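Student: So you can see what is in the structure, the chains are spelled out below.
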Amino acid sequence: MTADSTTTARLGRPAARRTPNGSMGHSARLSLRVKRLLVLVGVLAVWQIAGMFSLPLLLPTPWAVATALYDITFHGDLVPALTSSMKLLAIGFGIAIVLGCTLGIVLGRYRLFDVTFGPYLNALYATPEIALVPLILVWFGFGLGGRVVVVVIASFFPIFINTYAGVRDAPGNLVEVARSFGVATERGLLRRVVVPAALPFILAGLRLSIGRGVVGMAVAEVYLRLGGIGSLIVQYGSAFKTNYVLAAILPLPVLSIVLTKILGMVERRLDGWRTT
Amino acid sequence: MIDSSLDVAKIQLRDIHKDFTWKSKGRQQSTRALGGVSFDIQANEFCSVIGPSGCGKTTLLRVVAGLTPADSGQVLIGGREIREPGDDRAVVFQQFGLFPWKTVLDNVKFPLTIQHIPDHEATARAMEQLETVGLADFAGRHPQQLSGGMQQRVGLARALAVNPEILLMDEPFGAIDAQTRTVMQEELMRIWAQSKKTVLFITHDLDEAVLVSDRIVVLSAGPGSVVQEIVPVDLPRPRWEYDVRAHPAYIEARARIWSLLKQNLTVRVSGAGSVPGRSTEPSGSSAP
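For the protein sequence lines, the chains are G and F, in the order given. Reminder that position 97 of the first sequence reads as 97 in my numbering, one-by-one numbering, no gaps. Reminder that position 58 of the second sequence reads as 58 in my numbering, one-by-one numbering, no gaps.
FYI, nobody ran anything at the bench for these hints, they're computed from the structure. What you are looking at is a predicted structure, and each value in this text was computed from that prediction instead of being measured. The beta-carbon is built from N, C-alpha and C at its ideal position, and this holds for glycine as well. Be careful, since some hints might not be right.
As the list claims (entries may be wrong) - To give an idea of the chain G side of the interface with chain F (calculated C-beta under 7 Å), a few residues:
id, residue
1, F181
2, V254
3, V258
To be verified - Only pairs whose alpha carbons sit at most 20 Å apart, straight line, appear in this in silico EDC-like list of lysine to aspartate or glutamate:
id, chain 1, residue 1, chain 2, residue 2
4, F, K102, F, D71
5, F, K102, G, D77
6, F, K102, G, D169
7, F, K197, F, D88
8, F, K197, F, D15
9, F, K196, F, E186
10, F, K23, G, E267
11, F, K197, F, D19
12, G, K87, G, D77
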């Protein structure tokens, strides 16, 4: 999802440069869309031709994938799997937000916690989550609990690190201003100055972590095969129904991109003062 | 209000000491910012504090604001000792100190919200102050959309919104360009003439100090600054109605303060082992 947005930006810039006022003109935008569509059509055409000349098992044609997607959407398991996956993601991401923000504020604001807990959190950050998955499932169970922990660990760090940085760099002079006007308690300073000052960082952290959360969700489900998109993928994979595998994978990047876009919109809305 | 408060100065500083300590290469370092500062400010007086940079002017203001505790000595306001910030004082900060995520109006409302004043009343009072500083049309903007001068007007409006008895101003026009500064000095004098507040005004600008003040406290060079002399400015008010700079009292006060500052600088420069007698004037003023 990150790769997609950078590619978009890279493709978008030359077209934007052509108009003198800096904003993309109507025709430029249209031609950009046409170009993108042409790339898609080209890739699909090559894929279709290549698929027709190879074993369907190795490379199913786009048409076969589309048929499979239609099948699992309307007669198959996609909807319940997606519902189950979304539930897992919502719970895991929710916990990651609470945990990431809380720890970010505590470590960012209080030096004692920063120096005592910081190194261990960094060590955990440096450990690939996927290596921990088997252990987490043993510890937290093969039910929803274990899977939620995987999603939490996957999406926790961008939220935590951004909150931490935002709180730590909260301008000290604004804290002074609030104190001079009678904000006397630590809670008041957090609520009125430190957290609002860190909010742009926190929101960016949420946007960055949702994609990782989707990855964590898929990983946990692939390991567990107990419902959700991940288990669907494994299930079709072991049956060698390659076109169904691809059809089940397709919703994942879509989900990731849509959620990232939504969080980006929330960010721009709440965070208008930064860009104006 | 009848008996003791009449003969007691509004702000009394009693032997204020303040050291700053920090660790450098594992060793405890310490420097004395204030080495026993004492002076009084009368009610409704406009009193400036001037001194070479690094002499602890801002530290002094922070002690009076209750933001930094003094190591020893007392700050009495209306005869009562203070140690914390309070509603009787409001600070105007050098770097404006506006909250970038709040609109201009919400910035001005901020201290009123802290005091739990009902929202409609807070809005009315904040708008009134924005009118005073001429920024009512900018109430819905965010601070970073305004120029430096406008931002400091917001800072002033915010301080005035709580209707404090004392206004503490920490080099308020130091970060503003020269032309705007001149305009704002006059505006400040007009506002002060109407509202009659007790003002403690920190500045490093000699001309600014003489222009706005009733009395000027000259601090000696740090470390361990003390009051070197208090220079009265006997210029008639309102001062925007005539050419203040041509007035004999202006020239006299300016010359006196300049000679005091120059003494400080000479002592400091020769003390540091540099060429004696070669001194630099504080910024924002020209040679007398």
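Student: Hint by hint, which ones does this structure get wrong, listed from lowest number up?
Tutor: The structure conflicts with hints 2, 3, 4, 5, 8, 10 and 11, although it agrees with all the remaining ones.
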